[in-house]
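Novice: Here are the chains, one letter per residue:
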Amino acid sequence: MKMIPIPTWLDEASAALVEETVSLLIQRYADILLAVILFGSIARHEERPPDDTCPSDVDLLAIFDTTDRLVRPHREDIFATIIDACALHLDAPREVNVLLSDRTMQSWDSMFLDNLARDGMLLYACGLLPAPLASRQSFQGVLEDKGVRR
Amino acid sequence: MKADAHRRHAESLERAIALASPDPTTSVAIIEIAWGAAYHWISYGCIQKYQQHRDKHQGLTAYLVGLGEHRLAQWWRNFEDVRQAGFYGNQIGESEVQEALDLLGRIRTWATI
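Line order of the protein sequences matches chains A and B. Read in the numbering used here, the first sequence has 189 at position 84, and its numbers run on one by one without any break. Read in the numbering used here, the second sequence has 108 at position 14, and its numbers run on one by one without any break.
Just to be clear, a hint being listed does not mean it is correct.
Stretch-level coverage of chain B by chain A, calculated; a stretch enters the list once three of its residues show a Cβ under 8 Å from a Cβ in chain A [as the list claims (entries may be wrong)]:
1. 106–112
2. 135–146
3. 152–165
Selected chain A positions facing chain B (in silico; Cβ < 10 Å) [what the hints assert, rightly or not]:
4. Thr158
5. Ala192
6. Leu204
DEER-style ranges, computed between Cβ atoms [what the hints assert, rightly or not]:
7. A:Thr209 to B:Val122: 29 to 39 Å
8. A:Thr172 to B:Asp117: 50 to 60 Å
9. B:Gln192 to A:Gln211: 41 to 51 Å
10. A:Asp219 to B:Ala99: 40 to 50 Å
11. A:Gln132 to B:Ser189: 20 to 30 Å
These aren't lab readings, by the way, just hints derived from the structure by calculation. Quick reminder that beta carbons are idealized off the backbone N, C-alpha and C, glycines included.
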């Protein structure tokens, strides 16, 4: 299991919040957490600055080893975990949005999956990625670079 | 906006949900409207309980955690997930609508007791 460094262009307090969020998710859901991917404007390095009146949020996609789209029955506890991380970093100028996904990823729009593969940054992976992402070359390369065996 | 105005907005949005609910093609609209209603209930409740509120949804999670309202923050975060998943994944079906309405009910109860 690997946790890959947070992008250096993220401000320190928000980076600490992201790291706390991912670490707590790994700690509490190690048996079902397959991957965490940073996507959106921060991943593209097109983010609004933290002192903007409306700074860009940090967007994460957390993929779990379930076929339930709403990741039940863990859903409530996962959001409680996200709030636990938030409570430890109230100084962070950016919000961290965590979208939950099942491993099939069947209901995600293909354009979203393409954008994830093009711009997304894999922060954590445990073994094989779900098929819709594993087939996209960029993620495969990241995993191999970081020594995660496929 | 004052507390009563937030409550009126929330109730008006909830009436719109009741009108839309029989039509299964309105699920995206129901989630958007429910999210808006939840925001107004949170504003109403914060004013009633703390004599303050956040006048935008950005940063609302941390604001609620800062007030010590961890459960409410958790429901709001959950709501954001249901709503945003719709933007990226077309994941809007009966389960998502039910989740949104359940969360709205919890938030309304928090705001009004």
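Novice: Give a verdict on every hint.
Specialist: Now the hints, each set against the structure:
1. 106–112: violated (count 0)
2. 135–146: violated (count 0)
3. 152–165: holds (count 7)
4. Thr158: Result: holds, 9 Å to nearest chain B Cβ.
5. Ala192: Because about 5 Å separates Ala192 (chain A) from the closest Cβ in chain B, which is inside the 10 Å limit, the hint holds.
6. Leu204: holds (6 Å)
7. A:Thr209 to B:Val122: 29 to 39 Å: violated (21 Å)
8. A:Thr172 to B:Asp117: 50 to 60 Å: violated (28 Å)
9. B:Gln192 to A:Gln211: 41 to 51 Å: violated (20 Å)
10. A:Asp219 to B:Ala99: 40 to 50 Å: Holds: the Cβ-Cβ distance is about 43 Å, inside 40 to 50 Å.
11. A:Gln132 to B:Ser189: 20 to 30 Å: Roughly 28 Å apart at Cβ, these two residues keep to the hinted range, so it holds.
Against the hints set out earlier in the document, violations occur for numbers 1, 2, 7, 8 and 9.
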